[in-house]
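> Those protein sequences? They're chains A and B, same order as listed. First residue of the first sequence: 1, per the numbering used here; consecutive thereafter. First residue of the second sequence: 1, per the numbering used here; consecutive thereafter.
Hint data in this document are derived by calculation from the structure and do not stem from the laboratory. Be aware that a few hints might be false.
Pairwise CB distance ranges (calculated) [unchecked claim]:
hint, chain 1, residue 1, chain 2, residue 2, range
1, B, K42, A, S55, 46 to 56 Å
2, A, K5, B, S5, 30 to 40 Å
3, A, A29, B, V62, 21 to 31 Å
4, A, Q81, B, K42, 46 to 56 Å
5, A, K58, B, K55, 37 to 47 Å
6, B, T57, A, K111, 43 to 53 Å
7, B, K42, A, G60, 22 to 32 Å
8, B, C13, A, S55, 29 to 39 Å
9, A, G95, B, K64, 20 to 30 Å
10, A, P52, B, K14, 46 to 56 Å
11, A, G83, B, P86, 47 to 57 Å
12, B, S115, A, S69, 44 to 54 Å
Glycine included, C-beta positions come from ideal geometry on N, C-alpha and C.
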Amino acid sequence: QQQVKQSPQSLIVQKGGIPIINCAYENTAFDYFPWYQQFPGKGPALLIAIRPDVSEKKEGRFTISFNKSAKQFSLHIMDSQPGDSATYFCAALSGNTGKLIFGQGTTLQVKP
Amino acid sequence: GAVVSQHPSRVICKSGTSVKIECRSLDFQATTMFWYRQFPKKSLMLMATSNEGSKATYEQGVEKDKFLINHASLTLSTLTVTSAHPEDSSFYICSATPLGYSNQPQHFGDGTRLSIL
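In isolation and in its complexed conformation, chain A is listed as follows (with noise of 0.2 Å):
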């Protein structure tokens, strides 16, 4: 119940193309859904995040599209850029425990 699983494992896609990440949740208690962005061997950088009473968010050329009813967040990362490839982590927050479940990742390659 504690998990969020996170699809696709790996993704590559050519420069302006608009890679999707997926993420599924169990748990209804979360209430808060971050984006993290990490290169590597450095911390993970909190990208973009939203709360479930809103369906979609968007900053810059990262939205966040969210579904309650299905459990269900992605994200879109319009335009994509070489400099845009890292590793990707969708997380649920329980404001109860403080405590950040993550998913187990996805690996973007944006080719030149």
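Using the hints provided, position chain B relative to the given structure of chain A.
Below, chain B alone, put in the same frame as chain A:
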């Protein structure tokens, strides 16, 4: 923005050595910090929650006597890997949430690469 600093960034030591890793919140106070472990090409696994002024709470399967956590102030938590062995080699990452914002995403340090020979 909120900045979390970890030190050292990398440590290599012999088996049997104890290693201390520091996690500092540079521009905010945090009553709670978190310690994660990450294996190559894997996700982050929560090890323990560090609480200022009280004992840490450990996740199931994490040995509290192996991984000692001290949270002595509102800006500093330390993780000590005691009598480290090669299987303890990993990437250790801490995170923190600003005081009063427990329902918002955590800010992460840049991690510590621990290699035990």
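> Each of the hints needs a verdict: does it hold here or not?
Structure-based check of all given hints:
Against the hinted window of 46 to 56 Å, the Cβ-Cβ separation of K42(B) and S55(A) comes to about 31 Å, which falls outside the hint. Under the hint 30 to 40 Å, the C-beta atoms of K5(A) and S5(B), about 32 Å apart, fit the expected range. One distance hint, 21 to 31 Å for the beta-carbon pair A29(A) and V62(B), holds here, with the actual separation near 22 Å. A hinted range of 46 to 56 Å for the beta carbons of Q81(A) and K42(B) is inconsistent with their spacing of about 26 Å.
Between K58(A) and K55(B) the C-beta distance comes to about 42 Å, which sits within the given range of 37 to 47 Å. At roughly 44 Å, the beta-carbon separation of T57(B) and K111(A) lies within the given 43 to 53 Å, and the hint holds. Take K42(B) and G60(A): their Cβ atoms lie about 28 Å apart, and the range 22 to 32 Å holds. In this structure the hint that C13(B) and S55(A) lie 29 to 39 Å apart at CB is violated, the actual value being about 50 Å.
One distance hint, 20 to 30 Å for the beta-carbon pair G95(A) and K64(B), holds here, with the actual separation near 26 Å. Take P52(A) and K14(B): their Cβ atoms lie about 49 Å apart, and the range 46 to 56 Å holds. At roughly 35 Å, the beta-carbon separation of G83(A) and P86(B) lies outside the given 47 to 57 Å, and the hint is violated. Between S115(B) and S69(A) the beta carbons are some 46 Å apart, a value that agrees with the proposed interval 44 to 54 Å.
Of the numbered hints stated above, those contradicted by the structure are hints 1, 4, 8 and 11, listed in ascending order.
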